[in-house]
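Student: Make a model of the complete structure from these sequences and hints.
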Amino acid sequence: MLDLIVIGAGPAGITASVYAARKKMELLVISKDIGGQAAWSGDIENYTGFQFITGPELAAKFEEHMRKFGIRLKEGEGVIALEKKGAIVTVTTDKGTYEAKTAIIASGKRSKQLNCPGEKEYKNRGLTYCATCDGPLFAGKDVAVIGGGNSALDAALQLVRIARSVSVVNITPRLGGDPVMQDKLIQSKNVTVLNNASVIQILGDKFVEGVKIKKENKEETLAVSGVFVEIGLMPNSEFAEAIEKNERGEIKINAYNETNCPGVFAAGDVTDCPEKQIIIAAGEGSKAALSAFRYLIQHNF
Amino acid sequence: MDKKVKIYSTPTCPYCIRAKQFLKDNNITFEDFDISNNPAAGEEMVAKSGQMGVPVLDIEGQIIVGFDKERIKEALGV
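Chain order of the listed sequences is V and U. For the first sequence, our numbering gives the first residue as 1, with consecutive numbering after it. For the second sequence, our numbering gives the first residue as 1, with consecutive numbering after it.
Worth flagging that the hints you see were computed from the coordinates, not collected in a lab. Mixed in with the good hints there might be a few duds.
What the hints assert, rightly or not - Computed list of lysine-lysine pairs in DSS-like fashion (alpha-carbon distance at most 27 Å, straight line): (1) K84(V) x K68(V); (2) K69(U) x K20(U); (3) K32(V) x K6(U); (4) K6(U) x K24(U); (5) K73(U) x K95(V); (6) K48(U) x K123(V); (7) K74(V) x K73(U); (8) K214(V) x K112(V); (9) K48(U) x K95(V); (10) K24(U) x K74(V); (11) K24(U) x K48(U); (12) K95(V) x K4(U); (13) K20(U) x K95(V); (14) K69(U) x K112(V); (15) K20(U) x K32(V); (16) K120(V) x K48(U); (17) K24(U) x K68(V); (18) K61(V) x K120(V); (19) K24(U) x K4(U); (20) K6(U) x K141(V); (21) K189(V) x K141(V); (22) K32(V) x K276(V); (23) K206(V) x K6(U); (24) K69(U) x K61(V); (25) K85(V) x K74(V); (26) K123(V) x K3(U); (27) K74(V) x K112(V); (28) K32(V) x K85(V); (29) K69(U) x K32(V); (30) K4(U) x K48(U); (31) K61(V) x K74(V); (32) K101(V) x K24(V); (33) K73(U) x K32(V); (34) K69(U) x K74(V); (35) K48(U) x K141(V).
Tutor: So this is what it looks like as structure tokens:
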């Protein structure tokens, strides 16, 4: 019987697994990918110890750290259900069933969709949710970034170096996100910020050719060949049916990373922890692992 | 005989990195096209796959979009 199953291998899940391995817990990590959202980030300048590192580089360092401990990893598996039966936590994935004495849910968040006409048809045909991955395909082209928070600013800042022009379509009256990033964006010559603007439809033929927006009750069309959707995130928490969540679907935890279900802990962006940052997710992951360790001792497992 | 394997990628895409690592782990020789500095390869990729997401693998003419481990294994016969 495993001591612990960690669901997710982003900053929270990887840090939890490193702490658990150092406590010599028998553990298994199950994750769709490695690095989580950190792997999709552009430039990171606020992870202590690294004045500058890119998302993929930091994710590679996280992975290397995890691999050093020889932690068992099931990559490419999606968790379908998590249940507590008696003292045992059962995790069902699209490939198998696993049992453990404890679990840490660190499954993170995924991109929200626009839910407008054209979004599905043009996904990967000019519409993308990952500027880091697909940005280079739009070298010298006109693109639009949808959103006005940190993810949108990050995407736009990556794109200003590649694309000919970047239009930021922001639904609120002014940009959100970090002021440092806002300043950088405003200083870029090839950026237009459209506030109070919402997306109505993605237009095109075989590939994206434009985006129809509504700004102050007037409709207009931006001629772009790339649309980068960065309108926020939703938690990957649906599989944990019996676990209590807030109105946003985030798993409720206390200061010890405990959920409403004894033996089931949660950490990082999937939780109601107030700030979503790589360094916070990593710290929360370590806390969750230590709490799981204490739980095992207290319950004489 | 070894199958001819091409991968269209960008240096910053996590799934490209994982796909290339997977090929290396299986001792598969491949040709890597970095479309971030090779627009012609980018156009070739779009023409072959009918879409613009990376990575795209071309295994003896069979086009696989994304790091789809099972399909890649099948196409390679590993």
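Student: Determine for every hint whether it applies to the structure shown.
Tutor: Hints, verified against the model:
Distance restraint check for K84(V) and K68(V): the Cα-Cα separation of roughly 31 Å exceeds the 27 Å cut-off, and the hinted pair is therefore not satisfied. Between K69(U) and K20(U) the CA atoms are separated by roughly 11 Å; this keeps the pair inside 27 Å, and the hint holds. Between K32(V) and K6(U) the CA atoms are separated by roughly 24 Å; this keeps the pair inside 27 Å, and the hint holds. Distance check on the hinted pair: K6(U) and K24(U) sit about 13 Å apart at the alpha-carbon level, within 27 Å; holds.
Restraint check for K73(U) and K95(V): satisfied, since their Cα atoms lie roughly 17 Å apart, inside the 27 Å limit. At most 27 Å may separate the alpha-carbon atoms for a hinted pair to count; K48(U) and K123(V) meet this at roughly 17 Å. For the hint pairing K74(V) with K73(U), the CA-to-CA distance comes to about 17 Å; that is within 27 Å, so the pair holds. Our distance criterion of 27 Å between C-alpha atoms is met by K214(V) and K112(V), whose separation comes to about 20 Å.
Simply put, K48(U) and K95(V) have alpha-carbon atoms about 31 Å apart, too far for the 27 Å limit, and the pair is violated. A threshold of 27 Å between alpha carbons decides the hint, and for K24(U) with K74(V) the separation of about 19 Å falls inside it, so the pair holds. As the CA atoms of K24(U) and K48(U) are separated by approximately 24 Å, the hinted pair is consistent with the 27 Å bound. Distance hint between K95(V) and K4(U) is unfulfilled; the C-alpha atoms sit about 30 Å from each other, more than 27 Å.
A C-alpha spacing of about 24 Å is found between K20(U) and K95(V), which places the hinted pair at or below 27 Å, so the restraint holds. For a cut-off of 27 Å, the pair hint linking K69(U) to K112(V) stands: about 25 Å separates their Cα positions. A distance of roughly 17 Å separates the Cα atoms of K20(U) and K32(V); the hinted pair therefore holds under the 27 Å criterion. Pair hint K120(V) plus K48(U) holds up; C-alpha atoms about 20 Å apart against a cutoff of 27 Å.
Our distance criterion of 27 Å between C-alpha atoms is met by K24(U) and K68(V), whose separation comes to about 19 Å. Proposed proximity of K61(V) and K120(V) is contradicted: the alpha carbons are some 34 Å apart, above 27 Å. Between the alpha carbons of K24(U) and K4(U) the distance comes to roughly 14 Å, so the proposed pair stays at or under 27 Å and holds. Among the hinted pairs, K6(U) with K141(V) is consistent with the structure: their alpha-carbon atoms are about 26 Å apart, no more than 27 Å.
Distance hint between K189(V) and K141(V) is fulfilled; the C-alpha atoms sit about 15 Å from each other, no more than 27 Å. Taking the CA atoms of K32(V) and K276(V), the gap is about 20 Å. The hint holds against a cut of 27 Å. Note on K206(V) and K6(U): the hinted pairing holds, with a Cα-Cα distance of about 24 Å set against a maximum of 27 Å. The straight-line distance between the Cα atoms of K69(U) and K61(V) is roughly 23 Å, inside the 27 Å bound, and the hint therefore holds.
For the given pair, K85(V) sits about 23 Å from K74(V) by alpha-carbon distance, which is consistent with the 27 Å threshold. This hinted pair does not check out: K123(V) and K3(U) have alpha carbons roughly 30 Å apart, beyond 27 Å. Of the pairs offered as hints, the one joining K74(V) and K112(V) holds, with about 26 Å between alpha carbons and a cut-off of 27 Å not exceeded. For the proposed pair K32(V) and K85(V), the alpha carbon gap of about 25 Å is at most 27 Å, so the pair holds.
As the CA atoms of K69(U) and K32(V) are separated by approximately 12 Å, the hinted pair is consistent with the 27 Å bound. With a C-alpha separation of about 15 Å, the suggested pairing of K4(U) with K48(U) holds against the 27 Å cut-off. Between K61(V) and K74(V) the CA atoms are separated by roughly 19 Å; this keeps the pair inside 27 Å, and the hint holds. Distance hint between K101(V) and K24(V) is fulfilled; the C-alpha atoms sit about 14 Å from each other, no more than 27 Å.
About 18 Å separates the Cα atoms of K73(U) and K32(V), which keeps this hinted pair within 27 Å; it holds. A distance of roughly 13 Å separates the Cα atoms of K69(U) and K74(V); the hinted pair therefore holds under the 27 Å criterion. At most 27 Å may separate the alpha-carbon atoms for a hinted pair to count; K48(U) and K141(V) meet this at roughly 21 Å.
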